[in-house]
Amino acid sequence: MSDTSTIDQPIGGLMEGITDAFNASAVEAVSGGEPAWLANRRTEAWSAYERTPLPTTRLEEWRYTNLRKLLKLDRLGFDGVSLDAAVATGSDAEPFDLAGAPEALRAAMEADHAASGHVVEIDGRIVHVDLDPELASQGVVLTSLRRAVADHPDALDRHLATDALPASRGKFQALNAALWTDGVFLHVPKGVRLELPVRVTRYLTKPGTAFFNRTLILADAASQVSFVDEGLSADFAEQTLFSSAVEVIANDGAQVQYVSLQRMGRGVFHLQQQRTLAGRDSTLDTLNVALGASVARTDLNARLLGPGANSDMLGLCFGEQGQHFDHNTSQDHVAPHAKSDLLYKGALDGNARSVFRGIIKVHKNAQQTDAYQTNRNLLLSEHARADSLPNLEIEADDVKCSHGATVGQLDQEHLFYLMSRGLSRDRAERLVVLGFLGEVLSRLPLGGVVEKVTRIIEERLQHG
Amino acid sequence: MSDTPILSIRDLTAKVADEDVDILKGVDLDLFKGEIHAIMGPNGSGKSTLAKVLAGHPGYEVTGGTVTFHGDDISELEPDERSQAGIFLAFQYPVEIPGVSIANFLRTALQARLEEGEELDLFDFQDELMARMEMLEMDPSFAERPVNDGFSGGEKKRNEILQLAMLRPSLALMDETDSGLDIDALQVVSRGINRLHEENPDMTVLIITHYQRLLNFIKPDKVHVMLNGRIVRSGGADVALELEEGGYEDYRTAEAEAIAEAEAEAQEA
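Keeping their order, the protein sequence lines are chains A and B. Throughout the first sequence, residue numbering follows this note's numbering, covering 1 to 464 in sequence. Throughout the second sequence, residue numbering follows this note's numbering, covering 1 to 269 in sequence.
Hints may be right or wrong, so weigh each one.
Computed far set for chain B versus chain A, every beta-carbon distance over 10 Å [stated by the list, open to error]:
id : residue
1  : 70
2  : 80
3  : 97
4  : 100
5  : 112
6  : 146
7  : 155
8  : 191
9  : 247
10 : 265
DSBU-like, lysine-lysine: derived pairs with alpha carbons at most 35 Å apart [stated by the list, open to error]:
id : chain 1 : residue 1 : chain 2 : residue 2
11 : A       : 190       : A       : 452
12 : B       : 33        : B       : 156
13 : A       : 171       : A       : 339
14 : A       : 400       : A       : 364
15 : A       : 400       : B       : 33
16 : B       : 156       : A       : 452
Chain B stretches covered by chain A per the calculated footprint, using a threshold of three residues with CB under 8 Å from any CB of chain A [unchecked claim]:
id : segment
17 : 47–57
18 : 81–92
Since the hints were derived computationally from the structure, they do not count as laboratory data. The beta carbon of each residue, even a glycine, is placed where N, CA and C say it ideally should be.
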């Protein structure tokens with residue numbers, strides 16, 4: 001390719017992804033009125049973004065997800081300015097009018113079981129927060145990130161895009177850290193236990209736009225909390241980018257469960273970056289359920305930082321025609337005597353594709369590590385495809401580690417067995433698929449999630 | 001006993017779907033309402049193939065002959081249609097289905113038998129399931145365990161009888177239900193079958209077995225000996241005792257002589 005033909009498309013990797021919507025003035029606009037520490041952090045993140053080339057398929061982590069084909073950054077709009085105006089949370093907010101909300105959002109919320117608190121985000125802006133007053137009186141903080149900038153600057157200065165997901169971790173981590181418009185801040189003080197989950201529902205209405213949100217969960221020593229993060233939208237004809245950065249920090253002895261339930265419509269490119277930091281004797285479990293979007297990429301890095309830390313890492317995807325899922329996980333054992341157990345499963349119909357790349361990394365001092373990784377895929381059509389890349393990188397010598405991956409089709413003997421009891425082929429297939437995926441859900445049975453996901457998959461299998 | 005058999009098999013030949021040689025080489029058999037039959041035969045005689053062919057296993061292909069059930073030709077029916085029509089196959093090797101609980105599976109199977117718009121009564125279902133599990137000396141917690149997942153051989157076979165009890169077929173094909181069972185489990189399983197037959201004397205039972213010992217507990221009306229894809233002898237319960245003493249060797253010798261004779265005749269012609 002000659003260099004005369006690409007004047008407006010910089011080559012060589014530098015300055016990639018700078019567009020009419022994503023540029024330095026967008027960063028300036030979105031940080032208007034923010035304290036210096038935050039404005040600086042955004043500017044630094046932006047320069048990291050500028051410096052970092054767009055990942056290519058030559059990188060192991062992006063081998064099967066070709067961003068040049070799948071993501072049209074230059075066609076996306078970004079609307080950071082108007083969000084600056086309204087900070088609507090807590091008691092001073094306009095009461096959120098659930099009756100006036102889009103039907104899909106309403107249905108998602110009405111189906112929810114009891115919760116310790118709710119957050120509603122529409123088009124990257126938090127429109128509603130409520131929290132059990134009893135928990136608020138015990139010091140629990142659940143608020144929009146924008147509001148937390150004003151009310152909890154010390155915690156954010158210390159933890160937002162620093163320990164867990166700094167801009168330096170990659171191109172999109174940097175973009176999110178530079179352009180986030182809002183998000184959720186949850187702080188559970190020492191020893192406080194939330195019986196019911198915190199539920200976040202995010203909804204997109206604007207096609208052709210990019211949305212950036214962040215979530216920061218701080219669980220102090222011996223606290224307990226579960227967090228269900230559900231995202232949905234209509235189907236869009238124009239590509240829409242939904243970027244979520246999730247940082248979860250569990251201090252000594254804390255028990256945290258984070259569940260992401262991704263139900264975005266077609267046309268959405270979902271980019272989800274998660275990092276979990278598990279302290280001494282903490283339990284930090286995650287469940288990623290990917291059902292929607294056209295392209296959904298999840299990076300999950302679980303760091304086991306304290307001895308005795310324990311992370312169950314669960315995931316499932318169910319894909320149909322035109323869907324592409326990419327899960328990139330790492331189990332990062334820094335401290336000795338910690339355990340991580342990963343199980344990701346995918347069922348793929350039509351021409352759906354999934355990629356799983358997982359690495360277990362055991363650092364030199366992390367003796368007595370238990371780390372397991374399993375990825376299983378079920379292809380429901382001859383056009384579906386699953387690629388699995390399990391990996392081990394072990395520097396300690398006294399560890400128990402295993403990894404395994406399978407890709408298979410529906411077992412005809414299973415179907416015959418069920419059909420011989422009178423189930424039609426369709427119903428037998430549905431039962432086998434639900435059983436296959438249900439094994440993941442049953443490991444983290446948070447109130448309502450199992451039923452909700454089962455129902456969604458069942459409906460989709462019925463229509464398929 | 002009525003004059004027309006509920007199951008009538010005529011000159012049935014069948015093979016493994018992607019192979020050439022027939023395993024069933026002309027089977028004839030009539031089962032009448034409420035009868036208990038046993039088919040005995042050595043490994044490889046085709047008796048398990050017969051059970052699978054009757055249930056509609058997609059891995060086998062019927063190459064000739066007819067199978068009529070309640071007067072209808074069933075050879076084109078899918079396995080689920082045969083089940084709905086009243087045929088039940090208790091598997092020799094029950095399949096493990098991860099993530100699908102027995103209760104859920106049986107509920108779905110029973111719901112599938114109802115007319116469109118009809119709903120299974122879940123309370124009645126639960127009551128019956130618990131009663132049947134008690135009859136088979138199964139722990140109630142089994143209901144919520146995935147089908148056969150991690151079950152012992154005996155637990156799997158009890159689970160087959162549980163399904164038989166819940167689905168109430170008019171024809172039960174018991175494929176080597178006795179294999180892999182210790183004497184206690186064998187007694188529980190055969191008591192279960194006898195009990196179900198007492199409750200529903202119209203249920204026809206076809207027991208397929210290698211050994212005579214199951215027939216110490218379940219008394220058959222007729223016993224057939226299968227060898228090399230054909231039924232070579234049929235008679236009363238005493239046939240099983242003959243086998244106990246003489247084994248299959250006598251039949252093998254007789255058959256070998258018959259084949260040699262036929263070949264000799266063919267050469268002469």
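Quick rundown of the hints versus the structure:
1. The beta carbon of residue 70 of chain B is kept farther than 10 Å from every beta carbon of chain A, the shortest such distance being approximately 16 Å.
2. Once the 10 Å rule is applied to beta carbons, residue 80 of chain B is inconsistent with being away from chain A; the minimum gap is 4 Å.
3. A beta-carbon of chain A comes within 10 Å of the beta-carbon of residue 97 of chain B; the shortest separation is about 6 Å.
4. The beta carbon of residue 100 of chain B is not kept farther than 10 Å from every beta carbon of chain A, the shortest such distance being approximately 4 Å.
5. With 10 Å as the threshold on Cβ separation, the claim that residue 112 of chain B sits away from chain A is violated: the shortest Cβ distance comes to roughly 5 Å.
6. Chain A draws residue 146 of chain B into its interface by the beta-carbon criterion, the shortest separation being 7 Å against a cut-off of 10 Å.
7. Its beta-carbon lying about 16 Å from the closest one in chain A, residue 155 of chain B satisfies the requirement of being farther than 10 Å from that chain.
8. No Cβ of chain A comes within 10 Å of the Cβ of residue 191 of chain B; the nearest lies about 23 Å off, and the non-interface call holds.
9. With 10 Å as the threshold on Cβ separation, the claim that residue 247 of chain B sits away from chain A holds: the shortest Cβ distance comes to roughly 32 Å.
10. Under the 10 Å C-beta cut-off, the non-interface status given to residue 265 of chain B relative to chain A holds; the minimum distance is some 41 Å.
11. For the proposed pair residue 190 of chain A and residue 452 of chain A, the alpha carbon gap of about 32 Å is at most 35 Å, so the pair holds.
12. Between residue 33 of chain B and residue 156 of chain B, the direct Cα distance comes to roughly 28 Å. Compliance with the 35 Å bound is thereby established for this hinted pair.
13. Annotation: proposed proximity of residue 171 of chain A to residue 339 of chain A holds, straight-line Cα distance about 30 Å (limit 35 Å).
14. For the hint linking residue 400 of chain A to residue 364 of chain A, the alpha-carbon distance of about 14 Å falls within 35 Å, and the restraint holds.
15. Under the criterion of a C-alpha separation no larger than 35 Å, the hint pairing residue 400 of chain A with residue 33 of chain B is inconsistent with the structure, at around 60 Å.
16. With a C-alpha separation of about 31 Å, the suggested pairing of residue 156 of chain B with residue 452 of chain A holds against the 35 Å cut-off.
17. Here the segment 47–57 of chain B counts 3 residues with a CB under 8 Å from a CB of chain A, which clears the bar of 3, and the coverage holds.
18. Under the rule that three or more residues need a Cβ within less than 8 Å of chain A, the assignment of the segment 81–92 of chain B holds, with 6 such residues.
The structure fails hints 2, 3, 4, 5, 6 and 15 (numbered hints given earlier, in ascending order).
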